[in-house]
Amino acid sequence: MNEAATSAAAPANAMIDMFHVEKWYGDFQALTDINLSVRKGEKIVLCGPSGSGKSTLIRCINHLEGYQKGEIRVGGTRLGDDARTIDAVRREVGMVFQHFNLFPHMTVLQNCMLAPMRSLGVGKAQAEATARELLQRVRIAEQAEKYPAQLSGGQQQRVAIARALCMKPKVMLFDEPTSALDPEMVKEVLDTMIALAEEGMTMICVTHEMGFARQVADRVIFMAGGAIVEEAPPEAFFSAPRHERTRKFLGEILQKH
Amino acid sequence: MGEAEFLFLLTGLKWTVLLSLVGFIGGGVFGLAVALLRTSGIAPLERGTASYIALFQGTPLLMQLFVVYYGLALIGLKLDAWVAVAIGFTLHASAYLGEIWRGSIEAVPKGQTEAAKALSLHYLSRMKDVILPQAIRISLPATVGFLVQLIKGTSLAAIVGFTELTRAGNIISNQTFKPLLVFGIVGILYFLICWPLSLYGAHLERRMATASR
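Protein chains in written order, with the numbering used here: chain A, -10 to 246; chain B, 74 to 286.
Keep in mind the hints are simulated off the structure, nothing from the lab. Be aware that a few hints might be false.
Claimed, not checked - Within a straight-line C-alpha distance of at most 20 Å, the following computed DMTMM-like cross-link-like pairs (lysine to aspartate or glutamate) qualify:
1) A:Lys176 / A:Glu188
2) B:Lys190 / A:Asp76
3) B:Lys190 / A:Asp71
4) B:Lys190 / A:Asp70
5) B:Lys190 / A:Glu54
6) A:Lys176 / A:Glu187
7) A:Lys157 / A:Glu81
8) A:Lys157 / B:Glu76
9) B:Lys190 / A:Asp22
10) A:Lys113 / B:Glu179
11) B:Lys225 / B:Asp202
12) A:Lys58 / A:Glu134
13) A:Lys237 / A:Glu219
14) A:Lys135 / B:Glu179
15) B:Lys251 / B:Glu119
16) B:Lys183 / A:Asp207
17) A:Lys29 / A:Asp207
18) A:Lys113 / A:Glu134
19) B:Lys201 / A:Glu187
20) A:Lys58 / A:Glu117
21) B:Lys201 / B:Glu179
Can you make the complete structure from the sequences, with help from the hints?
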């Protein structure tokens, strides 16, 4: 292993470290020299125009996408191409998707119990207790016996959050969690995410919800063309963006709201 | 046509049912393996199973049975008729069921696999708990349709000496000179095993559709 070569300057309390990560789809470069360090408990909001690589970036963190160059470390584990490190990382990292991706043939409760039982080896009773507790926390406990299709979009997304939390992850990745929702359901999901942030979860959120970014983010990162263009605390990011592309993007995004 | 002749037909029916069961079970087990290899993402395995499917979908079942029984005997591998037919039907059914299930596995939205991976579910659990239950539901109409075809296809086993239902009908018809009556009864017997299967398939489809609602 050539670990020492690239991973020199990782801060001690770093949860996620990306060093010079590059990714191509054939000839198209999807990510260019991504360097990102996320401390424990930090909340990052990733934004940028569509196709800017923000989803690709977070999908690399739990290896839903591979990358060709650079290095990613999650909680000290260097993410390689082997099943062992991928598995180790995925157990620490929860993910919430734009389209929820709940398992339609299982009840809400079964959705939440499956992964802890299968991949952590938790007993059935314990898995159920955890699932019910977390469903309670996302305020949807009374729907536990229903199937996903019987719930509204906002409810489904809250179940998806609870399902990810049942694995007791150290990091949560959110990939446009409110983009597929009707406007009136956005708030219930954001409120759930805000509550999670207040409990100290380390979070990386790809979202265009700038109100959420202002309220919760420690840093806002703007991406374009597969690269990180600008990175700043929310006040500075929104009041004094340094780059022209950021200003243009913010102009377009804020106009809509 | 007397009682003895009718009993003879029923003996034929017994063989038809047994041959179908062999095809179902062998085809089910190996067909699942084919479907899993075909979607494994490992290029040589995918190509290998794709060729296998192409070969067995592209040639008549009659020829396949012929090759397994007489062809293997020519190269010195003398198989019992039962074994030959079991192998023949299993190979045939595995190719078709493998292809049907490959399609259904691929029809399950990609997000399901991604969610399962993100939850660190390993391959076995991803397939058994997440993908296959959904794929089976998608594949049900085509699977039942193929099984019904297979039941009727067992008549081809007559060429290697099986007196299954169709051949039994043929024999009785030649003895009694009442082909219309005999084959009418044969047809009814086929219908009586195929139709309930179709009904059961439709019932399963409805039940699964309600469960996912």
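Hints and how they fare:
Straight-line distance between C-alpha atoms of A:Lys176 and A:Glu188 comes to about 18 Å, which keeps the hinted pair within the 20 Å bound. This hinted pair checks out: B:Lys190 and A:Asp76 have alpha carbons roughly 9 Å apart, not beyond 20 Å. Taken as a hint, the B:Lys190 and A:Asp71 pair is honoured in the structure, with Cα atoms around 14 Å apart against an allowance of 20 Å. A threshold of 20 Å between alpha carbons decides the hint, and for B:Lys190 with A:Asp70 the separation of about 14 Å falls inside it, so the pair holds.
Only pairs whose Cα atoms come within 20 Å are accepted, and B:Lys190 paired with A:Glu54 is accepted, the gap being roughly 11 Å. At most 20 Å may separate the alpha-carbon atoms for a hinted pair to count; A:Lys176 and A:Glu187 meet this at roughly 16 Å. Distance hint between A:Lys157 and A:Glu81 is fulfilled; the C-alpha atoms sit about 7 Å from each other, no more than 20 Å. Between A:Lys157 and B:Glu76 the alpha-carbon distance is near 71 Å, which puts this suggested pair outside the 20 Å criterion.
Straight-line distance between C-alpha atoms of B:Lys190 and A:Asp22 comes to about 26 Å, which puts the hinted pair past the 20 Å bound. The suggested pairing of A:Lys113 with B:Glu179 is violated, with an alpha-carbon distance near 30 Å, which exceeds 20 Å. Only pairs whose Cα atoms come within 20 Å are accepted, and B:Lys225 paired with B:Asp202 is rejected, the gap being roughly 33 Å. For the hint linking A:Lys58 to A:Glu134, the alpha-carbon distance of about 45 Å lies beyond 20 Å, and the restraint is violated.
With a C-alpha separation of about 13 Å, the suggested pair A:Lys237 and A:Glu219 falls inside the 20 Å cut-off, and the hint holds. With a CA separation close to 26 Å, the supplied pair A:Lys135 and B:Glu179 exceeds the 20 Å bound. Straight-line distance between C-alpha atoms of B:Lys251 and B:Glu119 comes to about 51 Å, which puts the hinted pair past the 20 Å bound. Note on B:Lys183 and A:Asp207: the hinted pairing is violated, with a Cα-Cα distance of about 33 Å set against a maximum of 20 Å.
For the hint pairing A:Lys29 with A:Asp207, the CA-to-CA distance comes to about 12 Å; that is within 20 Å, so the pair holds. Between the alpha carbons of A:Lys113 and A:Glu134 the distance comes to roughly 16 Å, so the proposed pair stays at or under 20 Å and holds. In summary, the hint linking B:Lys201 to A:Glu187 is not supported, as the alpha carbons are separated by about 37 Å, beyond the 20 Å threshold. Only pairs whose Cα atoms come within 20 Å are accepted, and A:Lys58 paired with A:Glu117 is rejected, the gap being roughly 41 Å.
Proximity of B:Lys201 to B:Glu179 is assessed by CA-CA distance (about 15 Å); at most 20 Å being required, the pair is judged to hold.
Of the numbered hints stated above, those contradicted by the structure are hints 8, 9, 10, 11, 12, 14, 15, 16, 19 and 20, listed in ascending order.
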